[in-house]
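Put chains X, Y, G, S and U on the given structure of chain H with help from the hints.
Protein chains: 6
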Amino acid sequence: MDWREVVAQALAEDIGPGDITTETTVPASLRACGVFLAKAAGVLSGLDVAAECFRQLDPACDFQARLAEGDEFAPGTTLAVVTGSARALLTAERTALNFLQRLCGTATLTRAYVDRVAGTKARIVDTRKTTPGLRRLQKTAVRAGGGHNHRFALYDGVLLKDNHLALAGGVAAAVAAARAGAPHTLRVEVEVTTLPQLQEAIAAGADVALLDNMDLATLRQAVQLAAGRILLEASGGVNLDTVSAIAATGVDLISVGALTHSAPAVDISLEIEPL
Amino acid sequence: MDWREVVAQALAEDIGPGDITTETTVPASLRACGVFLAKAAGVLSGLDVAAECFRQLDPACDFQARLAEGDEFAPGTTLAVVTGSARALLTAERTALNFLQRLCGTATLTRAYVDRVAGTKARIVDTRKTTPGLRRLQKTAVRAGGGHNHRFALYDGVLLKDNHLALAGGVAAAVAAARAGAPHTLRVEVEVTTLPQLQEAIAAGADVALLDNMDLATLRQAVQLAAGRILLEASGGVNLDTVSAIAATGVDLISVGALTHSAPAVDISLEIEPL
Amino acid sequence: MDWREVVAQALAEDIGPGDITTETTVPASLRACGVFLAKAAGVLSGLDVAAECFRQLDPACDFQARLAEGDEFAPGTTLAVVTGSARALLTAERTALNFLQRLCGTATLTRAYVDRVAGTKARIVDTRKTTPGLRRLQKTAVRAGGGHNHRFALYDGVLLKDNHLALAGGVAAAVAAARAGAPHTLRVEVEVTTLPQLQEAIAAGADVALLDNMDLATLRQAVQLAAGRILLEASGGVNLDTVSAIAATGVDLISVGALTHSAPAVDISLEIEPL
Amino acid sequence: MDWREVVAQALAEDIGPGDITTETTVPASLRACGVFLAKAAGVLSGLDVAAECFRQLDPACDFQARLAEGDEFAPGTTLAVVTGSARALLTAERTALNFLQRLCGTATLTRAYVDRVAGTKARIVDTRKTTPGLRRLQKTAVRAGGGHNHRFALYDGVLLKDNHLALAGGVAAAVAAARAGAPHTLRVEVEVTTLPQLQEAIAAGADVALLDNMDLATLRQAVQLAAGRILLEASGGVNLDTVSAIAATGVDLISVGALTHSAPAVDISLEIEPL
Amino acid sequence: MDWREVVAQALAEDIGPGDITTETTVPASLRACGVFLAKAAGVLSGLDVAAECFRQLDPACDFQARLAEGDEFAPGTTLAVVTGSARALLTAERTALNFLQRLCGTATLTRAYVDRVAGTKARIVDTRKTTPGLRRLQKTAVRAGGGHNHRFALYDGVLLKDNHLALAGGVAAAVAAARAGAPHTLRVEVEVTTLPQLQEAIAAGADVALLDNMDLATLRQAVQLAAGRILLEASGGVNLDTVSAIAATGVDLISVGALTHSAPAVDISLEIEPL
Amino acid sequence: MDWREVVAQALAEDIGPGDITTETTVPASLRACGVFLAKAAGVLSGLDVAAECFRQLDPACDFQARLAEGDEFAPGTTLAVVTGSARALLTAERTALNFLQRLCGTATLTRAYVDRVAGTKARIVDTRKTTPGLRRLQKTAVRAGGGHNHRFALYDGVLLKDNHLALAGGVAAAVAAARAGAPHTLRVEVEVTTLPQLQEAIAAGADVALLDNMDLATLRQAVQLAAGRILLEASGGVNLDTVSAIAATGVDLISVGALTHSAPAVDISLEIEPL
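Chains as they are written, first to last, in the working numbering: chain H, 1 to 275; chain X, 1 to 275; chain Y, 1 to 275; chain G, 1 to 275; chain S, 1 to 275; chain U, 1 to 275.
Keep in mind that the hints are not guaranteed to be accurate.
For identical chains, the list gives no copy identity; a pair is met inside one copy or between any two copies.
Said to hold, decoys possible - When the alpha-carbon atoms are kept at most 25 Å apart in a straight line, the in silico SDA-like pairs for lysine to any residue are as follows: (1) K161 <-> S29; (2) K39 <-> S262; (3) K121 <-> R229; (4) K161 <-> E69; (5) K39 <-> G228; (6) K121 <-> T77; (7) K161 <-> A172; (8) K161 <-> T242; (9) K39 <-> L240; (10) K161 <-> S262; (11) K39 <-> A258; (12) K161 <-> D207; (13) K39 <-> N213; (14) K161 <-> P75.
Hints listed in this document are in silico derivations from the structure and should not be mistaken for laboratory results.
So here's chain H without its partners, still in its complex pose (with noise of 0.2 Å):
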């Protein structure tokens, strides 16, 4: 589903057959400037998502964005102002608040795990845990935030978990069904929990090992086996206070599902004034 039809449904359910309050008290020619300030400090994504929702009111409105995608921004800074009728300005304002604080969260949480791993080669990778309905803006968010994408989706990734290697017959079996089926433009990922699971992934020709919830240690003899001939993906217990130490056993993802499913909201505002 398009983004915009994502906007087009949230503002359906929260407006329905009308906002009583603003037809009620507000003229509908009155025109009003909104200004999104930032309460606290963090990293901007999703203003796009924002102007569609006022876009979608008022096709005519003009908004101005003050800060680029990704860009970090302190408390107290304008992130934008939309001119437009008064009755689209606060007809809106909630839904686009709602996306706004949510997206600049998870970028704002990626940023705080991206700068953690600075200056070693470990990709900060995001996870199918995202809000249903909400995937794509959330994995926009995330590379707003300097994060990567891990697959989109059931559809875009070969990972074979402990359930499909129990089904298919073993690391061995898996890997061969999954090549011999899945389109070739696709890599193929296993989750493995040791070392010798990690050995048998490498020899079915697997091309992304998932090491499932590894103490540091073994993260490092499993970079030090692997020797480049699979790509290693760590997951599992990452936080912020471990997320350094484990870039710096020589991973090249580490996966946080947290980025989608935990970032605290951006405390953003929308002051609106009459014209």
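Frame of chain H, contents of chains X, Y, G, S and U only:
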């Protein structure tokens, strides 16, 4: 939009043209059993949503809830057991958990607030600071947690905020305009920041006053001033540390945006076994 | 559903794969002008809906309204003039008229009721007896006619009817249950058929009482009994002959299903001339 | 759009995020029985649509029709009985009645016209003056009443109206253009207002002539002139007082816009009892 | 479904959450120019569909058609030039070509049939053997090629096939039933396989006879037998080698399923250059 | 879009407001049996799609497949038998056949290619040259024929074509940009037209090279040059006469656009008998 359609869209977002991993490694005829296991304590909400995820992929699957909406659970509790096509279980797993963990998160946080105001007359109510697309599900989770719902959206309640008051010519004019234009089935609520404004709202015949960011002393004065002539909703600066004292002032309602914008997900896993 | 989508569906219903007559006989490049002409007196509503019909087929067409929503018009009045592609005018004509004639019908009938209660405090309000799919447009027409809207739907008002009362255990229990479960932004209305029931509703703290099919004498007693403690809505047996007397009893609201289920269409034609 | 989708949209329009009254006062497990009772005489149409309203909310409900589509009924007749979830019955009641009362209205009015032309060869046919979104259901109701359908929409019939004739260069040119461009599966019908125009239409090889607003004498002359070479449709000035005489002129078809734009709703109620 | 929606669905099918290749390698601000170049001879159809593909991704793009619908072109001909966002051009390229090549294929094959029956009165008509979802576009291509359309679908023409005849009790009964139940705006066509059946169809008053798989001699006899009292459609065994002789028998219509189910795509490329 | 929705749209396209022929001539209660009969040899694909056509019109119908997806069949073979409402069978017949004949066509052509490369390691793969709206079904048919799928769409594979290379600054820069921006779950494929370009692609670390229109000698040199360091896909000039020799060069993949853009439909009929 019907909540079953929300589920359908979430599945489509994740599955698209197909779950390559599962389709290439798990036989179509294989059956499996999945156990939803709580990894942390919480309050249950959304098991029917999780069930729907599996049913849309395997209409013949069997889903047995072990707890009811609103029940509290300890870590290690089995919440539900689903039996059906192994492919369906693997493919729907992530989407089901994405819903369930978030909804239990909201129910759990709500319960914490509700417990802290026990013995007072204050209702814990939610806000419109919900995740775009998930409002209905989140509001259900608030009720599961023992909270109450504020208006669902812009169409089922009149809430005159500072901007409306300014644009409509003050409290008296705004209340009059809303009364004249809104259906008689809706109450009129007015945001006030001072006691004189509250006095004005009462005089204008408003039904509810939203007391914006008032300190405890002022809240107490507001309760005295209102003397039951108007419902009072405290808003702003509410957290688990402050909510008891706020409730003790005698206000009728306490609205908490965090219930829907900042509730941490509850850790729940799905353990799948072949049959 | 957005009203523009209602228009789109109506056009799709009539056009399907194409307007064979127009496509085979009218050149694509031809332009024309159409005049909306009232053939009968009425009150205007829905000109924007008619305009949208043409705009969806010819975004560049020019639509000039000559009267405003809610204006009264005499037979022979030009309501609007549309200029654009001759094909678009011919193809959209019937759909535009189907909307306009019905919406003017509702506005016109509403005005007749409103005029008859002038000088009393009674509001003429609509009901949920609307045409499936057209509720929002019909409720707008009611306002154009000078009427007020009752609740829009099942979600923005509590109305306890006889069945709810029976199933919930009587007036007091039903009001209590609704108060406990419904958002505080909604009033609670109760249907009563006798004065003792009205007394019970007042005692239970209901906000509004729907007086079902009471005769004038009983209505007058109800007004006296209520003494301003509860809003009173008269319902049943309301027509243009009886409405004045009902209003004179002092009730606050009079609901009229006929506004949306039985308003005769206003005769309006579209005269098309080539340019 | 499938008629089941029309029902789904109508229910969504009325229910939105929920039926607050019913959900807060009626237990989810309660079952009830509802009886559709005619309060006036009429002809039945749309019972399947009413049934669908309940089935979409309670797939397990039982709906027993007591009469068949097209049957006549007297006041007091039980039309159908539905048994199922009490909540589903209460929530779907209004939507089911909104459909049923209107569709019976169209069937009943159609029957009145059909009865008045009994013994002649004239078909009573409908027009495109239908309620936006409900055309298919209304056209079914016309058939239930004993009438026939004119073209369903712009795509399944060629009807050259005065505007088409003017823009295409007259009757002969317009008929030739339509014959050349339209599928051979469609007849070509031409609107004429005078006998010379009728003569022209016959000469041009049209299949049907719409005789626009001709008086009885002219209609009789048209029938003589046509002598079976072309079908004749009388249109304009048709009402229950005039239709018999019009039919007696010998025309083949009489189109009546009122069947779908002005049929009064038939009064039908749903009596609900707990089980 | 509107053809623009068909384009939107086709783009969604190909783009989903994003064109990874283009987004990661081509700057968003880059502009480019694309030239549609015929690699083979053909007849043009669908350039507006191709244009729509680009416009949906870049509403500001400029699309210049060099030929008109129905024009013949030689290899090497520039069909159109599109200028706009380089990303939009690259992303929409395949979808635009998928439409254009197929539609030109149908137009080209139709023209070949039409050319072979020049000088006879026979119309080349299409069938319902179209590609699911693309019927309207394919039928437009048939007209671009000089062919005519048979009924669009099941709703705009009556065609009694052998199964209908068998189930309805023979030709006379079936024609009578269709006449009685179908709108008078539709002709009645009957499939016949023998001359006696044709005789029966004429006697029953059918408007068109579909002559199923008759050899040339029988076709000629059918034409003689019909003597202009019924339209004759030859069907079955029609190919480019046989169509001239079939047309020479004097039939009115020749239906060719191959126009829409077997027309080879015309080779057309899009040459993109940065600006 | 779910494939069941593709079926629903195809049925809606053909049925619209109704199958006039069947509804007026075949009783609603009549039941019938239909036999899918192959009129030519082929490979089966799409029987589940055909079944779905009938099930959407008659959920209670019985559909018995006699062969499985991918099975070869000779002329005269019964592929499936469907039993149900006679109306449903007649109305869905054409849509079911339109799907089935095309999908068997793709499966059959794919099998011919696959058979010709037997004994080599070359995979026959499809392209994005699919019919708009039918990609998923066509790609399933390719697998039924024994072929493999290339990327499904623009989002599940990186394929750097000449335009991307030019706009991104050459092979090395383009590969680096794609690696940096794309999920690590995707391989990077590069189109090359010369051996030096292939050398460059290998050096840049590409995973797959698309060898565009190379002759057999060059393909052989490419295989030698690659020496297993990169997958090789031959593309261009592939037909049933050339594919064996191309496979014999040692390439890994051979992509064939004809599988989805030019596969002739397989002749299959549905013989319907009343029960």
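Which hints from the list above does the structure break, by number from lowest to highest?
Hints 4, 5 and 6 contradicted; others consistent.
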